[in-house]
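*Asks:* With the first letter of the sequence shown counted as 1, position 48 gets the number 47 in numbering that gives the first Met the number 0; the numbers rise by one all the way through.
In short, the hints are calculated from the structure, not lab data. Ideal placement from N, C-alpha and C gives every residue a C-beta, glycine not left out. There could be a bad hint or two in this list.
Stated by the list, open to error - If you anchor each label on the Cβ, the simulated ranges turn out as follows: (1) MET111 / TYR137: 33 to 39 Å; (2) LYS158 / ASN178: 30 to 36 Å; (3) LYS158 / VAL182: 26 to 32 Å; (4) LYS175 / LYS218: 38 to 44 Å; (5) LYS91 / THR48: 21 to 27 Å; (6) MET111 / LYS218: 21 to 27 Å; (7) ILE196 / VAL77: 38 to 44 Å; (8) ILE192 / TYR53: 21 to 27 Å; (9) LYS221 / ILE189: 44 to 50 Å; (10) GLY139 / LEU78: 19 to 25 Å.
Said to hold, decoys possible - Mimicking DSSO-like on lysine-lysine, the simulated pairs with C-alpha atoms at most 27 Å apart in a straight line are: (11) LYS31 / LYS107; (12) LYS118 / LYS91; (13) LYS159 / LYS83; (14) LYS118 / LYS61; (15) LYS218 / LYS52; (16) LYS29 / LYS171; (17) LYS61 / LYS171; (18) LYS61 / LYS158; (19) LYS186 / LYS122; (20) LYS171 / LYS21; (21) LYS122 / LYS21; (22) LYS118 / LYS177; (23) LYS119 / LYS83.
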Amino acid sequence: MNTLVYFKKYIADVLSRYTLPKLLSRELVKQKIILDVGCGRTSSLKGITRDEKYLVGLDFYKPYLVELNNLDIYDECVLGDARKLVRIFQLKSFDCVISVEVLEHLTKNDGMIMVDQMKKIAKDKCVLITPNGLLLTYPGYKDNPNERHISGWSYYELKKLGFKVHGVGGIKFFWKIKNGQVVFRFKKRIFIILNEILKPLAYYFPIMAFRLFAVYNFKENK
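Please put together the full structure from these sequences, using the hints given.
*Replies:* This is how it looks when you write it as structure tokens:
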């Protein structure tokens, strides 16, 4: 392998460490029983290594769960409300509870309730992924008709709740809202490449990031 090819492979490997699937995989590597709150129709857990994990997906929109049943991602799918987790599951019944891009679909008060409920049923950690600030998007034509963004969360708000916060998805400036959907701001490929290159920067400086990747570790918050 010549030097240039090796260098490109090395850079690609480094940058891949800051993608959402890789970040989730690292957080979940020692977690065996995992709940995905608001799992949606496709699930962010489809890219993780299963090993001996037991995965539970929860969503309040039944058509999403019907689609998920055909994908063989979860060991169990549950119809339920993210704000009422302690009515559905026992306290401390999961090693880890995650929620990917759900928080922004709730009011601030309901979002706080969901986070509190997640902490009550998790033993080791909770993981939240949410846009950095308010993005006023609307449901796509295949989405739950009530699925729109109604709140925005900042690095400082999540940190105040005890979460360790990093950034994911690259730099926020490279994204915009068009016709109610999040789209990349630029058409030229150079900007797409630049956003990929800057993902490590966004990870370590989450205030600049498109999304926030927040982890609440019970051992660190005793």
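*Asks:* Hints first: check each against the structure and report whether it holds.
*Replies:* Verification of the hints:
{"no.": "1", "hint": "MET111 / TYR137: 33 to 39 Å", "in the structure": "violated, 24 Å"}
{"no.": "2", "hint": "LYS158 / ASN178: 30 to 36 Å", "in the structure": "holds, 33 Å"}
{"no.": "3", "hint": "LYS158 / VAL182: 26 to 32 Å", "in the structure": "holds, 29 Å"}
{"no.": "4", "hint": "LYS175 / LYS218: 38 to 44 Å", "in the structure": "holds, 39 Å"}
{"no.": "5", "hint": "LYS91 / THR48: 21 to 27 Å", "in the structure": "holds, 24 Å"}
{"no.": "6", "hint": "MET111 / LYS218: 21 to 27 Å", "in the structure": "holds, 23 Å"}
{"no.": "7", "hint": "ILE196 / VAL77: 38 to 44 Å", "in the structure": "holds, 40 Å"}
{"no.": "8", "hint": "ILE192 / TYR53: 21 to 27 Å", "in the structure": "violated, 39 Å"}
{"no.": "9", "hint": "LYS221 / ILE189: 44 to 50 Å", "in the structure": "holds, 47 Å"}
{"no.": "10", "hint": "GLY139 / LEU78: 19 to 25 Å", "in the structure": "holds, 21 Å"}
{"no.": "11", "hint": "LYS31 / LYS107", "in the structure": "violated, 30 Å"}
{"no.": "12", "hint": "LYS118 / LYS91", "in the structure": "holds, 8 Å"}
{"no.": "13", "hint": "LYS159 / LYS83", "in the structure": "holds, 23 Å"}
{"no.": "14", "hint": "LYS118 / LYS61", "in the structure": "holds, 25 Å"}
{"no.": "15", "hint": "LYS218 / LYS52", "in the structure": "holds, 21 Å"}
{"no.": "16", "hint": "LYS29 / LYS171", "in the structure": "violated, 31 Å"}
{"no.": "17", "hint": "LYS61 / LYS171", "in the structure": "violated, 32 Å"}
{"no.": "18", "hint": "LYS61 / LYS158", "in the structure": "violated, 33 Å"}
{"no.": "19", "hint": "LYS186 / LYS122", "in the structure": "violated, 44 Å"}
{"no.": "20", "hint": "LYS171 / LYS21", "in the structure": "holds, 20 Å"}
{"no.": "21", "hint": "LYS122 / LYS21", "in the structure": "holds, 22 Å"}
{"no.": "22", "hint": "LYS118 / LYS177", "in the structure": "violated, 35 Å"}
{"no.": "23", "hint": "LYS119 / LYS83", "in the structure": "holds, 11 Å"}
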